[in-house]
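Novice: Residue numbers (the working numbering), protein chains in the order written: chain A, 1 to 315; chain B, 1001 to 1365; chain C, 2001 to 2305; chain D, 3001 to 3447.
Among the hints, a few may not be true.
Taking lysine to any residue and the SDA-like style, the derived pairs with C-alpha atoms no more than 20 angstroms apart in a straight line are [as the list claims (entries may be wrong)]:
no.	chain 1	residue 1	chain 2	residue 2
1	A	169	C	2037
2	B	1104	A	219
3	B	1090	A	140
4	A	140	C	2037
5	D	3169	D	3392
6	D	3444	C	2060
7	B	1332	B	1286
8	C	2160	D	3187
9	C	2160	C	2174
10	C	2160	D	3246
11	B	1021	B	1066
12	B	1074	A	206
13	D	3356	D	3126
14	D	3230	D	3430
15	D	3353	D	3062
Anything over 12 angstroms on all C-beta distances counts as not near chain C; from chain D, calculated [as the list claims (entries may be wrong)]:
no.	residue
16	3200
17	3342
18	3386
Source of the hints: derived by calculation from the structure; they are not laboratory data.
Here the structure is a predicted model, which is why all the values come from computation and not from measurement.
Just so you know, even glycine gets a beta-carbon here, dropped at the ideal spot from N, CA and C.
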Amino acid sequence: MSTKPAGYRYRERPRLPDLAYKLAIFAASVVLLTYVLAPFAWLVSSSFQTEAEIVSVPPHWIPHEPTLENFEAIFFYDQEEVTYESRSKADPASGGYIPSTAKSLLPAMWNSFKVAIAVVILNLLVGVPAAYAMAKIRFKGRNASVYTILTTRVIPDIALVVPFFLVIKNLGLLDSLWALILTYLAITVPFTVFILVGYFESLPDDLDKAARIDGCSRFQTLTRVFLPLAVPSLVAVILFTFLTSWNEFLLALMFTQTQAAQTLPIIVASFTSDFTISFSFINAAGVVAVIPPVIVAIMFERYIVSGLTAGAVKG
Amino acid sequence: MARIRFDNVTKYYGNVLAVDKLNLDIRDKEFVVLLGPSGCGKTTTLNMIAGLEELSEGDIWFDDEIVNFMPPHKRDVAMVFQSYALYPHKSVYENIAFGLAMRKYPKAEIDKRVRDAAARLHIDHLLDRRPNQLSGGQRQRVALGRAMVRQPAVFLMDEPLSNLDAALRVSMRAEIKELHQTMQTTFVYVTHDQAEALTLADRIVVMKDGIVQQLGAPDEIYEQPRNMFVASFLGNPPINYLEGELVASNGRMAFRRGGLTLSLNSEASAKLSGQEERKAILGIRPEDVDDRNEPVEGGAIHGHVNFVMPIGSDQFLNMKLEGEELFFRVGKETRHRNGEEVTLAANLDRLHLFDPETEKSLLWD
Amino acid sequence: MTRLLPARLADALARRFNYDTRSAMLFIAPVMTVLAVVAVFPIAYSLYLSFFKLKLTRPHRVPFVWFDNYIDLLGDGLFWSSVGRTVYFSVISVTAIAVLAMLIALLLNETFRGRRILSAILLIPWAIPTVANGLMWKWIYDSGYGALNGLLLQLGWIDKYLIWLGDPDKTIPLIANAFVWKEVPLATILILVTMKSIPADLYRAAKVDGANVMQRFVHITLPSLKPGFALVAIYETMMAIRHFDLFFILTEGGPGEASHVSAWHVYAETFRNLSFGTGSALAYMMAIVTFVLAYFIIRTLGRRI
Amino acid sequence: MKYGRVRKFARREFLKYSAAAATVGAISQGFGGAARAAGDPVNFYAWSAAVDQVKSHVAAFEASTGIKVAYSNNPWAQYREAAITKFVGNAPLDMLWVSDSWLPEWAEAGWIKPVDDFDFLMKYNSDAETFCTDSMTYKGQQYGLTYYTDFMGFMCDEVTLNNAGIGKKPETWDEVTEQALKIKAKGTSEYPVMLALAQESWLIEFMAAMVYSNGGSFTDGNGNALMHHKDDGAVKALQWIVDAVHKHKIVSPGSVETGELTGLKAFASGNHAFALLPKYRMRMLNDPAQSQIAGRCKQILMPRGSGPKGSHATVGWMRFHGMTSYARADKQRAENAARLIEWFGGKADGEYKFQKILFTDIGAGFGVKPLFKDPEVRATYSSYTDINVIEQQQGLARKKDVVTPWFGEWMETNGAAWQKAVLQQSSVEDALKASAEKWDELKKENS
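Make the full structure from the sequences, and use the hints.
Specialist: Structure (structure tokens):
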């Protein structure tokens, strides 16, 4: 316990190991970046290539005849009803290899977005209080509840698909976004709780006591004291739930049928029919699909860094 | 206005007994210190007053209401934590104001109280800082301020000074004492530091293993310890013990061990008369001797000085007598040196006697 | 006031349902409700199924067979080899994820220009829908015109195109790689968050004590990261053990049985063989193992989580 | 007073819960309801192929009959799984696409029902290829009308052959080997022969084509395993593949990871001289927009296997429009579904419209003979292939002799077995023995 005045910093002469460390960091970052980015870069590059070009050997890292047809198909299409006249004969084995489900991509993306947002919000509403209770309140069946929650996530999804389907059907939610919101909530919330319990427990108990003595009900303690301090973990939860919903395929495949409810992954998968597969187009879709999550990430990333807990207790 | 009464309060953690049948009556405006080694149940007791701990059996009364199940935020108590537990995301001002804000005090009132408290604690220049920009001492004052402004019916402190360095600790003691004077409310203060307890308390509750060992005013506790634990827990350096037996010598009861015989004062020997041959442990505090070099009737302690420790005001003698090493404090008039033989005169009115089995005092109960 | 309940009972109740317990119940109720509505039935249902010889192509013959399905599986060689592969896949994946995630987190924990952009970029793999991810790798790995061969050849590391997924020894590591690539970002976030909860004072103190960066890492960072690693370990172990999509998209269990992992076994039993009974039984065995693992991890690494 | 507090709390909490529950329920009902409240159309479920052709044809159907159709599709790769889930969950499906491989399975499970009591459907059988009608028939009952049919064709890149100085196209598998070796020697192609042997739904067709042309079969007349018999075509076929991969190195060892589509692309990018591919791929292979061997790709008769049994036979397959038991349960639904089946599988406004546009747009083969006479069809065909070869080969197309209720289960073992042989993890004999044993075991289990 030190009594040095606020803001005092020990002079930090960079020692040799520290320099080595900085270098290591730099090297590491380069390596890691290539590992993470190389495949994605290739994804981007190929999304600007024609199907004929991407199969060339050796691969064209830079498109020789770059094309925007994939993206055009995604962003510019006519919504009119399909008739013999208006049908695209392009499906699948002739012309530009554009799957005719291309035009469903944006609506599906919008569905995915709505679902993801809803799942995020519900996760926070439902997960935060539970996590606080499990982390900071001593009550009978506290451990029990932790393991109950764990239990719901240990069975392989593939075995749960059919029972899940029955549930959704009996709730009358087939082919509605609520089917996805509800199931995604159920499959994400356990881990949301885990993340938060872990973080809440890293916050000193005395803060909890102090708040309650200062006149906070349990709920106020949570909202006034713990939430502000838990921001980093909340961001983790937001990203986790958003992206899980964004990615989920199996359940969406089973629960949705029409454009009303089909989500991005389903449409992307539908680009592979028994007649053809358009890698370049799927890659374009992949590139587009990345944008919203990355925006979300950039929005929230900064809050992860805000390490507030320092100085909570002791000196 | 708060009188706190523990009525047979027992607290288990799982099946570990933390507090056992505690009966305690804290008067309004009283300054009570719960004193004991760590794990003695003192903090648990404090938490039960605060409502932070659920009691397993018995009742706690605030004045004439049972508050067993009343959550902390419904009790009119304030608390200062050993770790301070400041809200890292709030400024000093907000930290202090929080309790009042939660209780819906008018803005102006809050502001007034916060600023008064800050001024009193000399932290008014820090109000906009965040806790992590404060030194330990400053944080401690903020924690105090946070509790002060509440002007609660009960003011709880859990080892508030133990994270401070020695100098600061002493000065803060004084401030806390003064705080109690001015606030005119019930203080319950937990510490393991007997000096703090003795300086601050109106009454001290000495606890061990969840059981109250003794309850009383500081002097009483110090001078009439009910058992060996209490006797040795207070006082620094601790009380000396010598095993021996009671004998009758010229009409009085006396304690004897080998060549050492100390005869008891009248009331003590009256109390113990007829218990010759009884095994007993003598307790004698280091300061309860006096060195003049002529022998004293029935109070002579003759021994060999292992070494001398001057502490400025007086000097400590580590003496060997009857095979035991004892500590005594004597004035500086005569300089003693290592290895010499000395005779000290025990203050016969201040001898303590304990039962070797029960460790209970033979003189006071 | 008048006591409607006999005092002792009321007192007992009051002790049992004190304020804290009540609030706890209230706080946990929503989660439990959600799980009860959505998750409980499926779990119970598949347990129920696991006790029947349920073959959908024989809808009229569905005997209740107690634990036969489980016993049959234990006697099935393919089951055991699939378990072996699952272990192999999970171990390499989780280890790789943990290590990479920690490195990246350390990197992002430093303050340097462009850190925020970098961290956003590093999230990209996570954001690519699983299907797209699978197809991307299928096509990168393609031994005929895949990018991997192309690159290695141009770098001169190989002199002729190699077989990748088609080579039984490479199949699982390659799938693991695709899995790791996508999972690392989440793990990174989790570890980064834990890193942020390490009080800076600790480091300052350590620096004052003259600990160099390596010692600080070993004695402060690593220990404080335990909860983070616990989360990562639990989550990624679960994910790896049950992982199915990539196996489905990349190899369908092949070549031969090279990627026939337990999750695939569940799929094959359920959807290829239409024997839901066996499928559920297998799923349940996996569930138990996973649970035990998770429990173990929680006990060793985590505080309580 | 303290007891009072307890009870008050309990009540308040309870109220909170029920309120919350109620709202959730309400909302979800609202949404779910909205999704289902779209009248009561014929639910038409398909995989995401020829989507625009289907939509246009559906539009026409609604226009002419006034019956509403709810068309939804899933990716082919997961179609079977999704369908099974929907069946088990008894989801509302009326008409759906069925692969011939699934017919017995789905019929046994009671998910799809025969339609042969609808005379207005049966009348088309006179026009239909017997192959198709057979493939749609299980236990003497017909389950629908053809969506499309096709067969495995043997294709070669003429230019590569000529460059290697090969004038005459291969007649037998042995000649394929010889010529491939020549080409390999020339260095024009490392693996002149393209076989797609990855584990996917196509695998059985590739196998069957090899087996049949080698004069063999998987099972005998009464459905007992034959594949493992020494002199049977299956052994020969697999042996040829294994040699091609390991002895002659004319087929890539990577073929075990090559799916039909990737194989197609590889062939289209000119990596190979010969390829075994669905006939309708000819169109794409000769389309400059996507193929680097456009105009050079010729289809020839399947090579003959050595020995007396060897023939130019190949495997054919078909997909059809089937009717679910869900639809069957209700007279009106069944009627409407049947109408839709007719519209797609039979004549719409007096012509086999759907099969025709499917062919002209995509090249997928039709299952009704009259279309061969259709000038438009002949023109289209001739634009990229020799229609005579087509007709001749189609005549030699046999249905898969392994299509049984246990086909899927057996295929798990069989596929792995063949791949193991190709990977030399087991001998040809053992591989086929394994799959034969599995077959007989399953047959017993199901009898």
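Novice: Indicate, hint by hint, whether the structure satisfies it.
Specialist: Going down the list of hints, with the structure as the test:
{"no.": "1", "hint": "A/169 <-> C/2037", "verdict": "holds (13 angstroms)"}
{"no.": "2", "hint": "B/1104 <-> A/219", "verdict": "holds (16 angstroms)"}
{"no.": "3", "hint": "B/1090 <-> A/140", "verdict": "violated (33 angstroms)"}
{"no.": "4", "hint": "A/140 <-> C/2037", "verdict": "violated (23 angstroms)"}
{"no.": "5", "hint": "D/3169 <-> D/3392", "verdict": "holds (17 angstroms)"}
{"no.": "6", "hint": "D/3444 <-> C/2060", "verdict": "holds (17 angstroms)"}
{"no.": "7", "hint": "B/1332 <-> B/1286", "verdict": "holds (15 angstroms)"}
{"no.": "8", "hint": "C/2160 <-> D/3187", "verdict": "holds (14 angstroms)"}
{"no.": "9", "hint": "C/2160 <-> C/2174", "verdict": "holds (19 angstroms)"}
{"no.": "10", "hint": "C/2160 <-> D/3246", "verdict": "holds (17 angstroms)"}
{"no.": "11", "hint": "B/1021 <-> B/1066", "verdict": "holds (17 angstroms)"}
{"no.": "12", "hint": "B/1074 <-> A/206", "verdict": "holds (18 angstroms)"}
{"no.": "13", "hint": "D/3356 <-> D/3126", "verdict": "holds (18 angstroms)"}
{"no.": "14", "hint": "D/3230 <-> D/3430", "verdict": "holds (11 angstroms)"}
{"no.": "15", "hint": "D/3353 <-> D/3062", "verdict": "holds (15 angstroms)"}
{"no.": "16", "hint": "3200", "verdict": "violated (6 angstroms)"}
{"no.": "17", "hint": "3342", "verdict": "holds (29 angstroms)"}
{"no.": "18", "hint": "3386", "verdict": "holds (28 angstroms)"}
The structure shown violates the earlier hints numbered 3, 4, 16.
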